[in-house]
Amino acid sequence: DQQVKQNSPSLSVQEGRISILNCDYTNSMFDYFLWYKKYPAEGPTFLISISSIKDKNEDGRFTVFLNKSAKHLSLHIVPSQPGDSAVYFCAASKATNAGKSTFGDGTTLTVKP
Amino acid sequence: GAGVSQSPSNKVTEKGKDVELRCDPISGHTALYWYRQRLGQGLEFLIYFQGNSAPDKSGLPSDRFSAERTGESVSTLTIQRTQQEDSAVYLCASSRPGQGNYNEQFFGPGTRLTVL
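From first to last, the protein sequence lines are chains A and B.
For the first sequence, my numbering assigns the number 46 to the initial residue and increments by one for each residue that follows.
For the second sequence, my numbering assigns the number 21 to the initial residue and increments by one for each residue that follows.
Going by beta-carbon spacing under 10 Å, a handful of chain B positions derived as facing chain A: (1) V24; (2) Q26; (3) Y53; (4) Y55; (5) G62; (6) D76; (7) N123; (8) Q125.
Computed list of lysine to aspartate or glutamate pairs in DMTMM-like fashion (alpha-carbon distance at most 20 Å, straight line): (9) A:K50 - B:E64; (10) A:K145 - B:D44; (11) A:K145 - B:D76.
I should point out that these hints are in silico values taken from the structure, not numbers from a laboratory.
Just so you know, these numbers come straight off a predicted model, no measurement behind them.
Ideal Cβ placement from N, Cα and C applies to all residues, glycine included.
Can you build the whole structure from these sequences, using the hints too?
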């Protein structure tokens, strides 16, 4: 039973447009959510996070939205740049078990010039 | 400072052999994690260390897999009697719970294991 799901394996957008990556989770105990970006042959790097007490967190071109009732979060990238092309992983964790994050399978974003 | 390092970067082994994968976390990071990523799949949690104790080993796939950590430093992941399905990238991450984004993990570049 996969607790964190990224249903779109890939997404292609034009440079300058908005990229929206989606993530759904099933465990209502999750209270902290993170997005990581991964380039080929490198480990994932932290991008942005959100606590369950918030519904939005913004950092430059990146904004994460959390809808707790729908158990859904999304990452918006505006404007998208070719350097944003990477695999994006959604992760979720519980404050009571801060050591363990459950990851989705990732979405490959391609930003075309 | 230096990031998380892993060695070797690539390992090719024959089925049935044992392998050891090494992870050097960021200095001062008390928590260390091992993940496995099979081709085209997400990150699969294996084990988590807080200091040198492992409160969560729930992700280890079988008793062929074991891990240890020396103090709050180096960790080794050992796979005995490797099988072809063990082929994957093994990622290590570290974090410093209790400060800032306490769940943020810093990943190493991974070890690509190929079992022939």
